[in-house]
Amino acid sequence: MRWINRQPGPGGRLALGALPFVLLGLAYLAGSALRLAEDPNDKLLPALTSLAAAVDLMAFTPDRRTGEYLLWTDTAASLLRLGAGLGLSAVLALAVGMAAGLLPLARAALAPLVAFVSMVPPLALLPVLFILLGLGETSKIALIVIGVAPILIRDLAMTAQAIPREQIVKAETLSASTWLIGLHVVLPQVAPRLIDGLRLQLGPAFLFLIAAEAISADSGLGYRSFLVRRYLSMDIIFPYVAWITLLAVLMDLGLALIRRRLFPWAELERAR
Amino acid sequence: MTALTIDRVWKEYGDQIVLEDIRLDIAPRSFVARVGPSGCGKSTCLRMLLGQETPTRGRILLDGAPLPAEPGPDRGVVYQRYSVFPHLTVLGNVMLGPEMAANRLTGRARGPARRAIADRARALLAEMDLRLALSNTRHPLDPATGPVPAPEAAMDRIHDIPAEKPWSGIVRKGQTLIIIDSYGRQAIDTIFYNARDFGERYSNQDTMRENGVACIGGGCASSRPWGG
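For the protein sequence lines, the chains are Z and H, in the order given.
If you read the first sequence in the numbering used here, its first letter stands for residue 3, the second for the next number, and so on.
If you read the second sequence in the numbering used here, its first letter stands for residue -13, the second for the next number, and so on.
In isolation and in its complexed conformation, chain Z is listed as follows:
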């Protein structure tokens, strides 16, 4: 049989999916063992035992100075910033994106500005934000919003515009006002797309969060990673990276679940 026609079975699919992870893990263990055999004090590729000890220290041992469990305070601080940034972006995207998609006058007024702002590299604005908004939470949340919102806005505006004109006209002939068309025709149809947009923007949102935390913070996942970098503490940085990744994956899955639960009809449309 030709290779293009060979399909993995259910077990085979799982095994093939797991294979790269296993290989990566093995490569790490081998590299770590080799380096540690050469120099027991090597910090670059710590052994599993050191990683476990670091996780225990960060997650399950109270900090000697503050009495806090650092991983959890860091996680709470970061998730709060991320949630605020993404939440604000979502609200902005719904309001501005729908207005630009639905109202030609709003589109004429907003589209050039949004297109312009979405091209500004957000990280280049970080110094400006720190100067204007101070080093506190506001500037970090603002960075996420500036990075994420314009893209969500453009995406939602395009989604709203892509709704078949026939639906809008139909609603008009059923006596709908502009407001009711927005509420009952456009909003429900762009909402699933907003969730998809948020899923795609999780990566950039984490990037902006960690960048802002690395520069100025007193807690947060990015702050801790960059703090312990000074001591080459790979045993802490690796678990933090894995934890951040896991958080992002869980958020992605959670958003996908919400989308399926709230908008089952959107799956039908996707399948068409």
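No lab work stands behind these hints: they were computed from the structure.
We treat Cβ as the ideally placed atom computed from N, Cα and C, and that holds for glycine.
Do not take every clue at face value.
[As the list claims (entries may be wrong)] One side only, chain H facing chain Z, incomplete, derived with CB under 8 Å:
{"no.": "1", "residue": "R(-6)"}
{"no.": "2", "residue": "S29"}
{"no.": "3", "residue": "L32"}
{"no.": "4", "residue": "L36"}
{"no.": "5", "residue": "L47"}
{"no.": "6", "residue": "P57"}
{"no.": "7", "residue": "G62"}
{"no.": "8", "residue": "P72"}
{"no.": "9", "residue": "H73"}
{"no.": "10", "residue": "A87"}
{"no.": "11", "residue": "G93"}
[As the list claims (entries may be wrong)] The calculated label-pair distances, taken between Cβ atoms and stated as ranges, are:
{"no.": "12", "chain 1": "Z", "residue 1": "G19", "chain 2": "H", "residue 2": "D1", "range": "57 to 65 Å"}
{"no.": "13", "chain 1": "Z", "residue 1": "R263", "chain 2": "H", "residue 2": "T40", "range": "16 to 24 Å"}
{"no.": "14", "chain 1": "H", "residue 1": "A55", "chain 2": "Z", "residue 2": "P129", "range": "24 to 32 Å"}
{"no.": "15", "chain 1": "Z", "residue 1": "A111", "chain 2": "H", "residue 2": "A55", "range": "21 to 29 Å"}
{"no.": "16", "chain 1": "Z", "residue 1": "R263", "chain 2": "H", "residue 2": "R45", "range": "48 to 56 Å"}
{"no.": "17", "chain 1": "H", "residue 1": "P54", "chain 2": "Z", "residue 2": "V119", "range": "34 to 42 Å"}
Chain H: place on chain Z using the hints.
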């Protein structure tokens, strides 16, 4: 009763003339069928009647007054496809119009008013043989729902449009249909019907006349769909 006058209407897109000097008086309660190949201007004419587009020259009068420049509840439309709302169940689709009319802020009726609308919508759907859809939870795109144009026709029929022959049969075939009618009025006024052909049932003008269909223009030339 609504009389429609199409008075020397031209529609041009740049250099291309789509409709040329259309003159037509349509009596109240007419059924006007326009038959012609793709691209002969049927849909353009329909969009102008809806108010989605304006004639380049000439005017369209409804009871002597110029047609409003935007679509409104005085003119209904049943499209070939697209205009079912995919996010609403079939029942929700049929209920949307009356619900929006009931509350201009939320677009949702409450209590007994809502139940009355739901009952009427269910009755309409049952009459249109969409009992499958009465589960309330099914969406129009669900293959189990049935042909899509049917709920759409029900969306318009819920405004007290009686199920009269011959159009109730035609509507289900899934062609674009425009209904000139005052909102909520008991009697339907004028129906425009666009089709490339009428299929077997309305294979020629005689059969159509027997069924009460007024046919204007047998075929249509590329720039002169009917009238002239």
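The hints, checked one at a time:
Proximity of R(-6) of chain H to chain Z is violated relative to the hint, the smallest CB-CB distance being about 25 Å (cut-off 8 Å). With a least beta-carbon distance of about 11 Å to chain Z, the hint placing S29 of chain H at the interface is violated under the 8 Å criterion. The restraint placing L32 of chain H at the interface with chain Z is violated, with a minimum CB-CB distance near 10 Å, outside the 8 Å limit. Because the closest C-beta pair between L36 of chain H and chain Z is about 6 Å apart, less than 8 Å, the hint holds.
Restraint check, L47 of chain H versus chain Z: the minimum CB separation of about 19 Å is more than 8 Å; hint violated. The beta carbon of P57 of chain H comes within 4 Å of a beta carbon in chain Z, closer than 8 Å, and the hint placing it at the interface holds. Of the supplied interface hints, the one on G62 of chain H holds, with its beta-carbon coming within about 5 Å of a beta-carbon of chain Z, less than 8 Å. For P72 of chain H, the shortest C-beta to C-beta distance to chain Z is roughly 5 Å, which falls under 8 Å, so the interface hint holds.
Using the Cβ-Cβ criterion of 8 Å, the hint placing H73 of chain H at the interface with chain Z is satisfied: the shortest such distance is roughly 4 Å. Hint status for A87 of chain H relative to chain Z: holds, with the closest Cβ pair at about 5 Å, below 8 Å. Look at G93 of chain H: its Cβ gets to within about 5 Å of chain Z, closer than 8 Å, so that hint holds up. Roughly 59 Å separates the CB atoms of G19 of chain Z and D1 of chain H, a value that falls within the hinted 57 to 65 Å.
A C-beta distance of roughly 45 Å is found between R263 of chain Z and T40 of chain H, which places it outside the suggested range of 16 to 24 Å. In this structure, A55 of chain H and P129 of chain Z break the distance hint of 24 to 32 Å, their C-beta atoms being roughly 51 Å apart. For the pair A111 of chain Z and A55 of chain H, the supplied restraint of 21 to 29 Å holds, since their beta-carbon distance comes to about 22 Å. Between R263 of chain Z and R45 of chain H the beta carbon distance is about 52 Å. The supplied range of 48 to 56 Å therefore holds.
Distance hint check: the CB atoms of P54 of chain H and V119 of chain Z are about 38 Å apart, consistent with the given range 34 to 42 Å.
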